[in-house]
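Please put together the full structure from these sequences, using the hints given.
Each protein sequence line maps, in turn, to chains A and B. Take 77 as the starting number for the first sequence in our numbering and just add one per residue. Take 77 as the starting number for the second sequence in our numbering and just add one per residue.
No wet-lab data here; the hints were simulated from the structure. Treat the hints loosely; a few may be bogus.
Remember, identical chains collapse to one label, so a pair may be satisfied in a single copy or spanning two.
Claimed, not checked - Cross-link-like lysine to aspartate or glutamate pairs, in silico, DMTMM-like; alpha carbons within 25 Å at most:
#: 1; residue 1: Lys-81; residue 2: Glu-263
#: 2; residue 1: Lys-129; residue 2: Asp-104
#: 3; residue 1: Lys-285; residue 2: Asp-104
#: 4; residue 1: Lys-127; residue 2: Asp-104
#: 5; residue 1: Lys-289; residue 2: Asp-274
#: 6; residue 1: Lys-129; residue 2: Asp-101
#: 7; residue 1: Lys-285; residue 2: Glu-266
There are 2 protein chains.
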Amino acid sequence: MGRPKTPLLSLDRMASAALEIVDSDGLDGLSMRRLATVLGVQVASLYNHVKNKDELLHEIGNQIMAQVDVTGFRDGDWRQGIATWARSYRAALRAHPNMVPFLATGPGRRETALARADAVHGGLVAAGWPPRQATLIGASTKYLVVGAAMTSFARGFDDDVQIYVDRYPHLGQAHRLRAHADEIDDESFELALQAFLDGLAQRFAELSKAADKR
Amino acid sequence: MGRPKTPLLSLDRMASAALEIVDSDGLDGLSMRRLATVLGVQVASLYNHVKNKDELLHEIGNQIMAQVDVTGFRDGDWRQGIATWARSYRAALRAHPNMVPFLATGPGRRETALARADAVHGGLVAAGWPPRQATLIGASTKYLVVGAAMTSFARGFDDDVQIYVDRYPHLGQAHRLRAHADEIDDESFELALQAFLDGLAQRFAELSKAADKR
DNA sequence: CTATGTTAGCGAACAGTGTTCGTTTGGAGG
DNA sequence: CCTCCAAACGAACACTGTTCGCTAACATAG
Numbered sequence: 077m078g079r080p081k082t083p084l085l086s087l088d089r090m091a092s093a094a095l096e097i098v099d100s101d102g103l104d105g106l107s108m109r110r111l112a113t114v115l116g117v118q119v120a121s122l123y124n125h126v127k128n129k130d131e132l133l134h135e136i137g138n139q140i141m142a143q144v145d146v147t148g149f150r151d152g153d154w155r156q157g158i159a160t161w162a163r164s165y166r167a168a169l170r171a172h173p174n175m176v177p178f179l180a181t182g183p184g185r186r187e188t189a190l191a192r193a194d195a196v197h198g199g200l201v202a203a204g205w206p207p208r209q210a211t212l213i214g215a216s217t218k219y220l221v222v223g224a225a226m227t228s229f230a231r232g233f234d235d236d237v238q239i240y241v242d243r244y245p246h247l248g249q250a251h252r253l254r255a256h257a258d259e260i261d262d263e264s265f266e267l268a269l270q271a272f273l274d275g276l277a278q279r280f281a282e283l284s285k286a287a288d289k290r
Numbered sequence: 077m078g079r080p081k082t083p084l085l086s087l088d089r090m091a092s093a094a095l096e097i098v099d100s101d102g103l104d105g106l107s108m109r110r111l112a113t114v115l116g117v118q119v120a121s122l123y124n125h126v127k128n129k130d131e132l133l134h135e136i137g138n139q140i141m142a143q144v145d146v147t148g149f150r151d152g153d154w155r156q157g158i159a160t161w162a163r164s165y166r167a168a169l170r171a172h173p174n175m176v177p178f179l180a181t182g183p184g185r186r187e188t189a190l191a192r193a194d195a196v197h198g199g200l201v202a203a204g205w206p207p208r209q210a211t212l213i214g215a216s217t218k219y220l221v222v223g224a225a226m227t228s229f230a231r232g233f234d235d236d237v238q239i240y241v242d243r244y245p246h247l248g249q250a251h252r253l254r255a256h257a258d259e260i261d262d263e264s265f266e267l268a269l270q271a272f273l274d275g276l277a278q279r280f281a282e283l284s285k286a287a288d289k290r
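This is how it looks when you write it as structure tokens:
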């Protein structure tokens with residue numbers, strides 16, 4: 077058949093279609109052949125635009141990570157900075173729950189993730205945290221977001237609901253439980269975030285006191 | 077060939093061998109055919125002891141989760157209880173990093189995980205936390221542990237190290253960085269845990285105050 | 001103790017998977 | 001104009017998880 081007059085494929089089209097498949101049918105639902113079918117093309121053609129399936133997934137991952145907001149440090153408020161970063165990070169993951177297992181595993185290569193991490197680190201240092209503490213705080217916050225994303229909206233929603241069923245037998249209705257599970261997830265995340273920030277605030281205060289004394 | 081005089085296979089033997097493969101060669105390294113080869117058996121035989129590959133993985137998961145210690149609530153100290161639970165949980169995951177992505181996704185079916193969760197919940201309530209708060213705290217702590225396990229061991233150690241390389245260019249030695257990455261992971265987790273617990277302690281104090289007032 | 005049914009092993013096959021190779025053909029650059 | 005690159009294709013390879021039918025040993029009932 078040879079090369080077509082107008083290109084049939086592009087990396088963006090591939091990534092978008094692939095993400096749609098993953099969103100609707102899960103990570104396992106995405107196969108190169110199926111993606112090719114959706115794009116009206118043969119499977120081998122995909123490899124002209126992408127070296128690997130992995131590379132394709134990373135491309136999608138970059139698009140998702142680009143949604144994360146790290147502008148909360150603007151006015152020097154580290155607490156607000158972390159909070160908006162964490163919430164926006166979590167929202168980005170929640171928008172594509174099926175991608176979470178991939179996104180959480182081996183994120184190092186994603187340049188956008190690195191950029192975001194640096195922004196956070198810079199914001200914390202600018203706000204007065206020592207560099208090493210800033211690194212730890214950044215990592216800790218990421219733990220929280222990734223952990224929340226993995227355990228709540230990745231994969232088995234029905235299963236997770238079961239936990240709450242056992243805990244609250246009086247809430248028997250299954251269809252109401254889904255909403256309740258969401259609610260509990262939200263509250264748990266907020267509790268974890270706020271308690272963590274409160275704990276940090278204590279440390280920050282001590283840090284400032286020590287600095288004043290010197 | 078028919079049935080052998082002495083059984084060649086058992087669920088335990090299968091799970092152990094499978095875990096060894098996963099530990100050494102990753103989740104993708106485990107295939108039913110390879111497992112069969114290691115066990116000196118044909119692949120179809122495996123399905124006499126296990127319905128699915130998934131079921132096999134769940135079996136391994138149960139074994140790992142059984143290592144988690146939830147006895148820290150014994151003397152009514154909720155803070156100690158959560159701390160030992162979280163640390164032991166993290167240690168169990170760290171012992172088998174390649175299993176973490178599976179363990180973190182869809183954990184509802186694992187009965188041992190449920191049992192552990194209930195123990196934690198009970199310990200918190202016994203220590204004076206309201207049931208709903210106990211649920212939130214349990215979920216939050218799990219977020220922390222799972223997130224820490226996912227993002228640190230998550231595959232590409234080289235990649236994760238790169239983050240720290242950019243931040244601490246003076247630590248250039250690659251072989252020392254590996255140790256440093258571990259160190260930073262440990263410290264980040266401890267910081268997150270302690271700060272979180274400090275924040276909870278504040279809330280607990282306010283809770284007690286309000287209860288006294290009534 | 002014999003008959004019956006269950007179970008653990010095996011061999012072969014099926015439907016999928018990601019990926020590579022060689023070929024054809026359009027478009028871009030010297 | 002000729003050459004070289006790149007995009008599409010068809011076919012194949014080496015895998016994957018899983019199922020089927022078969023054999024032979026164990027467990028149990030009569």
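Going through the hints against the structure:
1. Lys-81 <-> Glu-263: Answer is neither: 54 Å inside a copy and 57 Å across each miss the 25 Å cutoff.
2. Lys-129 <-> Asp-104: Both: 12 Å inside a copy, 14 Å across copies.
3. Lys-285 <-> Asp-104: The answer is neither: 53 Å in one copy and 51 Å across copies each exceed 25 Å.
4. Lys-127 <-> Asp-104: So Lys-127 and Asp-104 pass the 25 Å test inside a copy (19 Å) and across (19 Å) alike.
5. Lys-289 <-> Asp-274: Intra 23 Å, inter 24 Å, cutoff 25 Å: intra and inter.
6. Lys-129 <-> Asp-101: both (17 Å within a copy, 20 Å between copies)
7. Lys-285 <-> Glu-266: between (28 Å within a copy, 22 Å between copies)
Consistency with the previously given hints fails for numbers 1, 3, ordered from lowest to highest.
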